[in-house]
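For reference, the chains in residue letters:
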Amino acid sequence: MPQLNAVPMSWYLILSAILFTLGVAGFLFRRNIITVFMSIELMLNAVNLSFVAFSHQLRQVDGQIFTFFVMVVAAAEAAVGLAIILTVFKNRQTLSIDEVSSLKN
Amino acid sequence: MNFFLISLIKMGIVTAAFMTTLAYLQWIERKVLAHIQSRLGPYRVGPHGLLQPLADTLKLLMKEGFIPSHVNKFFYLLAPFLAVFFALISICVIPFGPSVEVLGVRTDMGLADLSIGVLFILAISSAGVYGIALAGWASNNKYSLMGGLRSSAQMISYELPMAIALASPLLILNDLSLRTIVNEQAGFYLGVLPRWTIFQMPFPQIFSFVIFLISGFAETNRVPFDLPEAENELVAGFHTEYSSMGFASFFMAEYANMVTVCCMATVLFLGGWHPLFPSTLGSDFVPVLLALAAGAMLLYHGVAQPISGRPWDRLTMPAAGVVFSLVGLVFLVPMLKPFLIPLFWFVSKAGFLMFTFIWVRGTLPRFRYDQLMNFTWKFLFPVAILNLLITAFAVALQEPKS
Amino acid sequence: MDLILFILFATIAVVCGISLVVQKHPIGSALSLIGVMGSLAVLYLLLGAEFIAAVQLIVYAGAIMVLFVFVIMLLNAGEEAPGGKSWPSRLLGVPLLTVFLGLLAYLMQLMAPSMGMVTFGSFNTGAKELGRSLFNNYLLPFEVTSVLVLIAILGAIVLARKEID
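Chains as they are written, first to last, in the numbering used here: chain A, 1 to 105; chain B, 106 to 507; chain C, 508 to 672.
For the record, the hints were derived by calculation from the structure and aren't laboratory data.
In this text, a Cβ means the ideal position worked out from N, Cα and C, and glycines have one as well.
Take the hints with a grain of salt, since some may be wrong.
Restricting the straight-line Cα-Cα distance to at most 20 Å, the calculated cross-link-like pairs of lysine to aspartate or glutamate (EDC-like) are [to be verified]:
#	chain 1	residue 1	chain 2	residue 2
1	B	K442	B	D213
2	C	K531	A	E99
3	C	K635	B	D280
4	B	K115	B	D218
5	B	K164	B	E134
6	B	K178	C	E586
7	C	K531	A	D98
8	B	K115	B	E206
9	C	K635	C	E650
10	B	K442	B	E206
11	B	K442	B	D389
12	C	K531	C	E586
13	B	K115	B	D213
14	C	K635	A	D62
15	A	K90	C	E586
16	C	K635	B	E289
17	C	K635	B	D218
18	B	K247	C	E586
Taking beta-carbon pairs under 10 Å as the criterion, some of the chain C residues facing chain B (in silico) [as the list claims (entries may be wrong)]:
#	residue
19	H532
20	I541
21	A548
22	V562
23	A568
24	G569
25	K635
Next up, chain A with everything else stripped away, as it sits in the complex:
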């Protein structure tokens, strides 16, 4: 029985794993480009949680620095990704990833 003022470290990691799996599920199952993109962000968030948890575990600040970099890169990625989505929508009038397949044939 865990005490009330402490949380087992593994719970944080399991939460991170659950969120990551949900991100993977969204990435695989959804057909809307924007939702797929958001699932990627969810996966990044899940990884960030384990970074911060490990930073606490090892009493080192480096994990948080990594989280910081992930956030910055995610911001850059969102800007470029959304610009690409806007361009795709302008050219094809659709947001479904199944219909954006001209590289296939």
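With the hints as your guide, set chains B and C onto chain A.
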């Protein structure tokens, strides 16, 4: 247990004061605007319309909360809640005064002192856009959607100069906790000039103060940046489809945001609760003199020279005059002095900034959309960065330590 | 207290995560993601990472997700069309993911005894420690990231601007 009790009492006081301020801010705004436009403003409900906020609140509460049939119900109901939540929560990190001793208990004036107070305010204010954007989207009305789109674009754009303008005083003050920030601004140069951030060496932050205030106008969607709710273009923008409490929530959120921006500017740039000149030169008597002057003026107009045509003004104005004079005398009570005087300075600075908000609304026309974007990206943002650079150099040159 | 807060916000995060996957409308997914990010910020606070919690809210909830919502509103994206999934993916997808999650959780639990507990306040890092580390040990990555962001800004402008014919 003691801690919880004190926190609860403080919460009650701050909530009551904040809500009253929000209600009366609207009355003040209508009065000031009216006088700028040579009108009288609210006058019928109570003496000089003083009960108007009560009547308005009652009206909004009694109105039918009508939900249009074509809206997305969940988000339609969520949006005003989000807007008002994010607007009200920021007040809890604002320090109103120094730590004081009341009935033998030492406590800070202000609810919480976060070590990341400035970042907390930034985070909350950046989340405030969701209420407006969602309201615009869920209303399923093209004018509302335009309003929501405009507001989200505007708030993202103006957040940048705002954050950078905030960063420059932080370089000088070297802390993120709002209470420490105010404490750092205590004292005077040469015995007269206060060490507020807008005057503080090595580089006075007057530019970032102006930039912060301008971005604050945009963040709160006030004139001249009120494009999300421009009446002549978008009916009422994002809150077109809202009635009764939904509308009241947006209204309240707007005023609460205004109060937050003014408090933040006071804390970061105007030295919080520190007086304009040292108490050795008699700054403690300023509130007394102000209140006595106001009381004397009211008495003069009420008794000696009645200007108003209504009979009961001859009764209420002298009564108000007496009340004002008594309030002035309260500032002289030694027991209340330690927390009333700092509170007076804080409130008068924040109040002056709020008056500026209303003043600008009565003066300036609205921006065009492309002007709005050009202004922030081509002028405000570069100036803010330049200011940050100069401040950084000045701080680096001044401090000998590595 | 710690445990209650953790369970509360972990539940919110998981529920919002599930909602992200099952919501039909992109706006619903976006709001669920904001919910996940908000509760993660509280968990960061519990882990003593104050600065990261604030940055999480400012950057993720305040900037990136506003951008998402803005684009969804701008494109007026409707509910996504169902179908297009092949039979094997429909049959195998969920079980495989559950196995994946189970495996991860099992590995964590295996390592658990050596990892100990998290108590609030035992390790706090404010902006100061983070800044010191960032500008001493990680200066080069920091600068490289700033170049990356600059490139991203340029790329976004090039991609999204109107062609001048």
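To see whether the hints hold, each was checked on the structure:
{"no.": "1", "hint": "B:K442 <-> B:D213", "result": "15 Å, holds"}
{"no.": "2", "hint": "C:K531 <-> A:E99", "result": "18 Å, holds"}
{"no.": "3", "hint": "C:K635 <-> B:D280", "result": "9 Å, holds"}
{"no.": "4", "hint": "B:K115 <-> B:D218", "result": "13 Å, holds"}
{"no.": "5", "hint": "B:K164 <-> B:E134", "result": "19 Å, holds"}
{"no.": "6", "hint": "B:K178 <-> C:E586", "result": "16 Å, holds"}
{"no.": "7", "hint": "C:K531 <-> A:D98", "result": "16 Å, holds"}
{"no.": "8", "hint": "B:K115 <-> B:E206", "result": "13 Å, holds"}
{"no.": "9", "hint": "C:K635 <-> C:E650", "result": "19 Å, holds"}
{"no.": "10", "hint": "B:K442 <-> B:E206", "result": "11 Å, holds"}
{"no.": "11", "hint": "B:K442 <-> B:D389", "result": "9 Å, holds"}
{"no.": "12", "hint": "C:K531 <-> C:E586", "result": "6 Å, holds"}
{"no.": "13", "hint": "B:K115 <-> B:D213", "result": "10 Å, holds"}
{"no.": "14", "hint": "C:K635 <-> A:D62", "result": "14 Å, holds"}
{"no.": "15", "hint": "A:K90 <-> C:E586", "result": "18 Å, holds"}
{"no.": "16", "hint": "C:K635 <-> B:E289", "result": "17 Å, holds"}
{"no.": "17", "hint": "C:K635 <-> B:D218", "result": "17 Å, holds"}
{"no.": "18", "hint": "B:K247 <-> C:E586", "result": "18 Å, holds"}
{"no.": "19", "hint": "H532", "result": "8 Å, holds"}
{"no.": "20", "hint": "I541", "result": "7 Å, holds"}
{"no.": "21", "hint": "A548", "result": "8 Å, holds"}
{"no.": "22", "hint": "V562", "result": "7 Å, holds"}
{"no.": "23", "hint": "A568", "result": "6 Å, holds"}
{"no.": "24", "hint": "G569", "result": "3 Å, holds"}
{"no.": "25", "hint": "K635", "result": "9 Å, holds"}
The structure agrees with every numbered hint stated previously.
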